[in-house]
Amino acid sequence: MKNDIFNFSRFGKYFVSDIRTCRSNFGLSLLTIALLFPVATYFITTTFNFVVNSVWDGPDMGLRVFVFAVAMLCMIITMPVKCYGRITEKQYGSSWLMLPASRLEKFVSMFLLTCIIVPVAGIVLYLGMDALICALDHTCGKNLIAGGMELIRGMGDLQSLTMNFVDENVTIEDAAVVQEILKQVSSPWLYVDEIFAMTLPFLLGAVFFKSGKTVKTFLALFAISTAISIAATPLMTNWAMNIFNNMNDDPMAVMELFRNGFFKHLVLIDIISDTVSNLALMAGIWFRIKTLKH
Amino acid sequence: MITIKDLGFTYGETGGLKSISLNKEKGHMLPSDRYVLKNINMKLEEGRIYGLLGENGVGKTTLLTLLCGLKKPQTGSIDIDGHDPYDREPSFLSDQYYLSDEVAAVNMKATDYAVTYGKFWEGFDLEKFMEVMSVLENDPQQKMNKMSFGQLKKTYIAFALACNTKYLFMDEPTNGLDIPSKAQFRKAVTKYTREDSVILISTHQVRDLENIIDPIIILDKQDVLLNASIAEISEKLYFDYTSERNPDALYCEMIPGGNIQVYLNQTGEDSKVNIEALFNTVHQHKEMIKGIFNR
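In order, the protein sequence lines correspond to chains A and B.
Using our numbering, the first residue of the first sequence is number 1, and each one after it goes up by one.
Using our numbering, the first residue of the second sequence is number 1001, and each one after it goes up by one.
Derived from the structure by calculation, the hints contain no laboratory data.
Where hints are given, some of them may not hold.
Using 30 Å as the maximum straight-line C-alpha spacing, the simulated DSSO-like pairs for lysine-lysine come out as follows [as the list claims (entries may be wrong)]: (1) 264/A / 82/A; (2) 82/A / 1146/B; (3) 1236/B / 1119/B; (4) 1166/B / 90/A; (5) 293/A / 1146/B; (6) 1143/B / 82/A; (7) 1109/B / 82/A; (8) 90/A / 1187/B; (9) 1072/B / 90/A; (10) 1071/B / 82/A; (11) 1072/B / 290/A; (12) 290/A / 82/A; (13) 216/A / 142/A; (14) 90/A / 1236/B; (15) 1221/B / 13/A; (16) 210/A / 1191/B; (17) 1236/B / 1286/B; (18) 13/A / 1146/B; (19) 1286/B / 90/A; (20) 90/A / 1272/B; (21) 293/A / 1166/B; (22) 1071/B / 210/A; (23) 2/A / 1043/B; (24) 1272/B / 1187/B; (25) 1072/B / 213/A; (26) 293/A / 1143/B; (27) 1187/B / 210/A; (28) 1119/B / 290/A; (29) 1005/B / 13/A; (30) 1272/B / 290/A; (31) 290/A / 1191/B; (32) 293/A / 1072/B; (33) 210/A / 1272/B.
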């Protein structure tokens, strides 16, 4: 009896073919985004500085971090449509649906490619190009990898320094709470699930809408966030007002909020809410694949 | 073996699943005019190349897409060797191939496409792919998105035949092919398909496939007018190519050098079935033909 749900050998074959298809559909765009953005930023900045200020000065860390974020956003927005948007077209979609691999295998491959493989490839290529530019021209300063490592080290140092602030107003418990929050902020999962949370809506949009996929996804996200804001603002305001009114001008009450309250678990709440929304989006993608017809 | 039982399908919101389920609860079906296919019953056997004929919009493509699992039947069922096609199980998909009338121009060389995707079909034979590509005079090293529609169609035909599947569904396969390619297509289909395969070809160009399709299925709006082998047709209908006109002819058409006439075969004499004349006869005498062949 053949396994029609998930077969590792068949999945391996499918995954390789999916990577090949994705490479032909998005490979050039990925290279353009990951290599052209840092190079263009470098040339525009150095040319501008040379012409206007008469100095040879590369782009600083702040600008490069901003351009990196913009490039990654461009990649996340365009990649799902280029890699999988065609499955809603009759010609391509029929072939895709009729390919002898199970729905689960197609779904897992789609998830791995759009949420892990392509973003990692994009980040590695971008950071590699940035490191190369910084190595060739020292006026750019530290490359993004070195800057990131420094930031992580800084967070670690900050955690260890927390105990130095212990005095008659700040107890060891308070310092431990701050230390815990800093530890949570350093959690890699916080950033990994953000990548999923940014990619999955565009993947759902790519497989759900038949045309205007990116624009419709943006509009849907805008509509959903507006609806949530309208519903949540009165509740949040009420909740915040209650807290501040109960503080009775006691400065230690603020510390109490961190000690036992909502803020102590802010990062955890963020991870849980992202995970829940990611699971909902994945369920939507799965349901769309399951019911897709041509 | 493919068994189609009371198959019904409709497009559009008003005739969608919701209305059907509501009507089912009430114990009656939707008004018949909403269906593309209605109460279709058919059995397709191994070792045959079925020709699926019908006017525009009678549901030929819909039937093919239902058979391969691209659509879900709204009423009735399809059973292919114990599988429901809509489940799209890999073990079932690897034993069938659907060649759509519109094919995708992917950004790959034809050979790379065959190598990348052929491995999903257990019986795929790359040598056969190259052989059929050569029979169809198509360059396997050309990029598919740089091919003309005809060349692209030939690539997919070669791929479909190289998959060696038991079930092969082809929708208008000769559309876009030039005159020599149509002959090469007929040759390839007869030479490169399995003996036990069930091939269903839908077409408007009956002359392109005249010598290879047997049996013939003629679809009408929501109905199957005819599902019979060439032998059965020739046993029941006589195709006369003489110049003398017969007043009893069910159908008569002038052709260069005389007439082609179709009448009931009273003598049991054999004649060469002309599919175009058959199609027109069936359309002009729907109930009569159904009565004759369903006896």
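These are the hints, each one checked on the structure:
no., hint, verdict
1, 264/A / 82/A, "violated (41 Å)"
2, 82/A / 1146/B, "holds (19 Å)"
3, 1236/B / 1119/B, "violated (46 Å)"
4, 1166/B / 90/A, "holds (24 Å)"
5, 293/A / 1146/B, "holds (28 Å)"
6, 1143/B / 82/A, "holds (19 Å)"
7, 1109/B / 82/A, "holds (19 Å)"
8, 90/A / 1187/B, "holds (29 Å)"
9, 1072/B / 90/A, "holds (16 Å)"
10, 1071/B / 82/A, "holds (25 Å)"
11, 1072/B / 290/A, "holds (11 Å)"
12, 290/A / 82/A, "holds (20 Å)"
13, 216/A / 142/A, "violated (39 Å)"
14, 90/A / 1236/B, "violated (41 Å)"
15, 1221/B / 13/A, "violated (42 Å)"
16, 210/A / 1191/B, "violated (40 Å)"
17, 1236/B / 1286/B, "holds (15 Å)"
18, 13/A / 1146/B, "holds (26 Å)"
19, 1286/B / 90/A, "violated (33 Å)"
20, 90/A / 1272/B, "violated (39 Å)"
21, 293/A / 1166/B, "holds (23 Å)"
22, 1071/B / 210/A, "holds (17 Å)"
23, 2/A / 1043/B, "holds (26 Å)"
24, 1272/B / 1187/B, "holds (20 Å)"
25, 1072/B / 213/A, "holds (25 Å)"
26, 293/A / 1143/B, "holds (28 Å)"
27, 1187/B / 210/A, "violated (39 Å)"
28, 1119/B / 290/A, "holds (23 Å)"
29, 1005/B / 13/A, "violated (36 Å)"
30, 1272/B / 290/A, "violated (47 Å)"
31, 290/A / 1191/B, "violated (37 Å)"
32, 293/A / 1072/B, "holds (8 Å)"
33, 210/A / 1272/B, "violated (48 Å)"
Going through the hint list in order, the structure does not satisfy hints 1, 3, 13, 14, 15, 16, 19, 20, 27, 29, 30, 31, 33.
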